[in-house]
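**Student:** These protein sequence lines map, in sequence, to chains A and B. If you want our numbering, it's the 1-based position in the first sequence plus 8. If you want our numbering, it's the 1-based position in the second sequence plus 8.
Incorrect hints may appear among the rest.
Since the list gives no way to pick one copy over another, a pair counts as held whenever it fits inside one copy or between any two copies.
Said to hold, decoys possible - Keeping only pairs whose Cα atoms sit at most 30 Å apart, straight-line, the calculated DSSO-like set for lysine-lysine is:
1) Lys11 / Lys135
2) Lys11 / Lys76
3) Lys135 / Lys19
4) Lys76 / Lys227
5) Lys301 / Lys19
6) Lys227 / Lys305
Hints in this document: simulated from the structure, not taken from any laboratory.
Letter by letter, the chains look like this.
There are 2 protein chains.
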Amino acid sequence: MRKGTIFFENKPRIIATGTIAGPKECVGVVGQYVDQALTDDTFGESTYEKAECKMLTYAVRRAIQNAKLVEEEMDLLISGDLLNQIISASFTARDFDIPFLGVYSACSTLSESFALSAVFVNSGYAKNVVAATGSHFSSAERQYRYPLELGNTRPPQSQWTVTGAGGTVISNAGSDIAITSATIGRVVDFGITDVNNMGAAMAPAACDTILAHLQATGKRAEDYDLILTGDLGALGSRLLKHLSEQKGVDLSPNHVDCGEIIYNVIEDEFQGGSGAGCSAVVFNSYIWNKLKKAEIKKVLFCATGALLSTVSSGQGESIPCIAHAVEIENVKT
Amino acid sequence: MRKGTIFFENKPRIIATGTIAGPKECVGVVGQYVDQALTDDTFGESTYEKAECKMLTYAVRRAIQNAKLVEEEMDLLISGDLLNQIISASFTARDFDIPFLGVYSACSTLSESFALSAVFVNSGYAKNVVAATGSHFSSAERQYRYPLELGNTRPPQSQWTVTGAGGTVISNAGSDIAITSATIGRVVDFGITDVNNMGAAMAPAACDTILAHLQATGKRAEDYDLILTGDLGALGSRLLKHLSEQKGVDLSPNHVDCGEIIYNVIEDEFQGGSGAGCSAVVFNSYIWNKLKKAEIKKVLFCATGALLSTVSSGQGESIPCIAHAVEIENVKT
Numbered sequence: 009m010r011k012g013t014i015f016f017e018n019k020p021r022i023i024a025t026g027t028i029a030g031p032k033e034c035v036g037v038v039g040q041y042v043d044q045a046l047t048d049d050t051f052g053e054s055t056y057e058k059a060e061c062k063m064l065t066y067a068v069r070r071a072i073q074n075a076k077l078v079e080e081e082m083d084l085l086i087s088g089d090l091l092n093q094i095i096s097a098s099f100t101a102r103d104f105d106i107p108f109l110g111v112y113s114a115c116s117t118l119s120e121s122f123a124l125s126a127v128f129v130n131s132g133y134a135k136n137v138v139a140a141t142g143s144h145f146s147s148a149e150r151q152y153r154y155p156l157e158l159g160n161t162r163p164p165q166s167q168w169t170v171t172g173a174g175g176t177v178i179s180n181a182g183s184d185i186a187i188t189s190a191t192i193g194r195v196v197d198f199g200i201t202d203v204n205n206m207g208a209a210m211a212p213a214a215c216d217t218i219l220a221h222l223q224a225t226g227k228r229a230e231d232y233d234l235i236l237t238g239d240l241g242a243l244g245s246r247l248l249k250h251l252s253e254q255k256g257v258d259l260s261p262n263h264v265d266c267g268e269i270i271y272n273v274i275e276d277e278f279q280g281g282s283g284a285g286c287s288a289v290v291f292n293s294y295i296w297n298k299l300k301k302a303e304i305k306k307v308l309f310c311a312t313g314a315l316l317s318t319v320s321s322g323q324g325e326s327i328p329c330i331a332h333a334v335e336i337e338n339v340k341t
Numbered sequence: 009m010r011k012g013t014i015f016f017e018n019k020p021r022i023i024a025t026g027t028i029a030g031p032k033e034c035v036g037v038v039g040q041y042v043d044q045a046l047t048d049d050t051f052g053e054s055t056y057e058k059a060e061c062k063m064l065t066y067a068v069r070r071a072i073q074n075a076k077l078v079e080e081e082m083d084l085l086i087s088g089d090l091l092n093q094i095i096s097a098s099f100t101a102r103d104f105d106i107p108f109l110g111v112y113s114a115c116s117t118l119s120e121s122f123a124l125s126a127v128f129v130n131s132g133y134a135k136n137v138v139a140a141t142g143s144h145f146s147s148a149e150r151q152y153r154y155p156l157e158l159g160n161t162r163p164p165q166s167q168w169t170v171t172g173a174g175g176t177v178i179s180n181a182g183s184d185i186a187i188t189s190a191t192i193g194r195v196v197d198f199g200i201t202d203v204n205n206m207g208a209a210m211a212p213a214a215c216d217t218i219l220a221h222l223q224a225t226g227k228r229a230e231d232y233d234l235i236l237t238g239d240l241g242a243l244g245s246r247l248l249k250h251l252s253e254q255k256g257v258d259l260s261p262n263h264v265d266c267g268e269i270i271y272n273v274i275e276d277e278f279q280g281g282s283g284a285g286c287s288a289v290v291f292n293s294y295i296w297n298k299l300k301k302a303e304i305k306k307v308l309f310c311a312t313g314a315l316l317s318t319v320s321s322g323q324g325e326s327i328p329c330i331a332h333a334v335e336i337e338n339v340k341t
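Excised from the complex, chain A in its bound form (with noise of 0.2 Å):
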């Protein structure tokens, strides 16, 4: 590795999925995908908080039932979310007698824990591995924002955080989906603190990451069917491609940003979709899907992460940000 891109020359494999989401989420592209539509976003728990983990919990079984395995076949359960603590990670965790490696990436949580999954099956320490994130609007607001009962007026430039979560099985063998390479990205702080406005603070983050993978491999970004970024949203993304563009490369034929396609109706969620759960839900069911059936061959994956907290910004801090990349190609041959 050098510049942080990992080449996987035993091409681990996407063998399943799971995927739960809000009510809010599934009237949107991944309504028909999901393994279950929630019509009640507590999910019948007493706490956003519990709801939260008990969708990330849900995405994990259903994952590793949807691989057809049995949960002492997995060997390592890689996940984290946007709580504090990773609660909702650890908890879920608690449900299963799997060995746990809690992650820290904010939204971009999704690809971590896919680059890591990769380097331990592509080293052969595990066999399988389950890897799964997500979030909750109710929970993400009143930690990071207000409390939803003052009400509070959303700023235009803001997103909607994701009611969802999704879980992914990576194993040696069992699709002809792989992940063939990966970039682990470097924080880039280009000074953004205004907090409503994590499109602009991530952009350039994810511009950084996408723009050293395509050097590292060589590659173009049209060689991709695909480039797949977490929750930039509608700003965000058109920033990223402005930046890119800046850098000589053109992402525009074939960029699309999770945040920016989840809901139908831009209304309340003015710049899209955000969280942890925004990608993993959109790229556990949709685009699983359509990897699925061939109808896209390969994808780089890059979600990303702001990673700031209320104390950070209350103590003038600007927003530092991340973004991890990963390939993923169909191999069948």
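Guided by the hints, dock chain B onto chain A, whose structure is given.
**Tutor:** Positioned in the frame of chain A, the structure of chain B alone reads:
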């Protein structure tokens, strides 16, 4: 890997460490071994969170320097901490042009990071990795418990969060001290709900991982010069010995807990030290010195983490815990 145990046939080496600790910590056993002993626990910063981050940045930079390497030669930074959204690690990573993997495993962050670093180095994906973590008494106290200004009475089962940070460089060559195997822990929850009794909460997780490691490697406790836990404290250490004895394993001859030994005078800190910085400082200074001098040759290092948050405890949850073990050995023949 089965049941979480990985063997590192290429024997990744620990080649250098960098450490810094607060005034209270430096009165104790680590005082003469740390690279920098602070006389002021604000480290010249305006907030405790900024001081914590500055310590972590120091530890990373110093570890790289002590390894006689430069930033450009580092392939990966693996770090996490206790603060919400691991801001110490993320803001530290912002200061370095090194690919960054954020992890969260509470006070077992260092051993999780060691295991991951060894995976990357052993498999050839990285040549030089820096693993780092830290904590600060005052930032932890106000995040997890009460504002210091309240002057709350501390119960006798409590521990004192260590102010300090440690960084470790793990490379493919450069010393005789190798990471030879690791066991990734599972989440264990014995139903403890007292957030002041971390030792009791974490002891079962330490027991689970240590016994799993001994079983997977076919070793006995007495094969190690030292079985080093992270921050069980005095009470937690007694519980670990009791629990393992019940399972037929006597750890008492060679078990030492970083939290139990870090403070000389047991006064306010009652059961001893805790926090991600506890084992980060003790291992990387005091123990590292003994390993380098070959005074001890084989250590099973098992840091322990309590995966709670104020939200999970406030919602009535018990405390899920985890421990990751790494076997560290002087392989000079």
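**Student:** A separate judgement is required for each hint: does it hold in the structure or not?
**Tutor:** Hint check:
In the homo-oligomer, the alpha carbons of Lys11 and Lys135 lie at most 30 Å apart both inside one protomer (27 Å) and across protomers (12 Å), since each shortest distance falls under that limit. Within a single copy, Lys11 and Lys76 get their C-alpha atoms only as close as 37 Å, which misses the 30 Å cut-off; across copies the closest is 20 Å, which meets it. When the C-alpha separation of Lys135 and Lys19 is checked against a cutoff of 30 Å, the pair qualifies both within a copy, at 12 Å, and between copies, at 21 Å. For the identical chains of this complex, Lys76 and Lys227 are neighbours neither inside a copy (35 Å) nor across copies (35 Å), given an alpha-carbon limit of 30 Å.
Taking the shortest alpha-carbon separations for Lys301 and Lys19, only the intra-copy value of 19 Å comes in at or below 30 Å, while the best inter-copy value is 43 Å. In this assembly of identical chains, Lys227 and Lys305 lie within 30 Å of each other by CA distance solely inside one copy; the values are 15 Å within and 47 Å between copies.
Hint compliance for this structure: hint 4 alone is broken.
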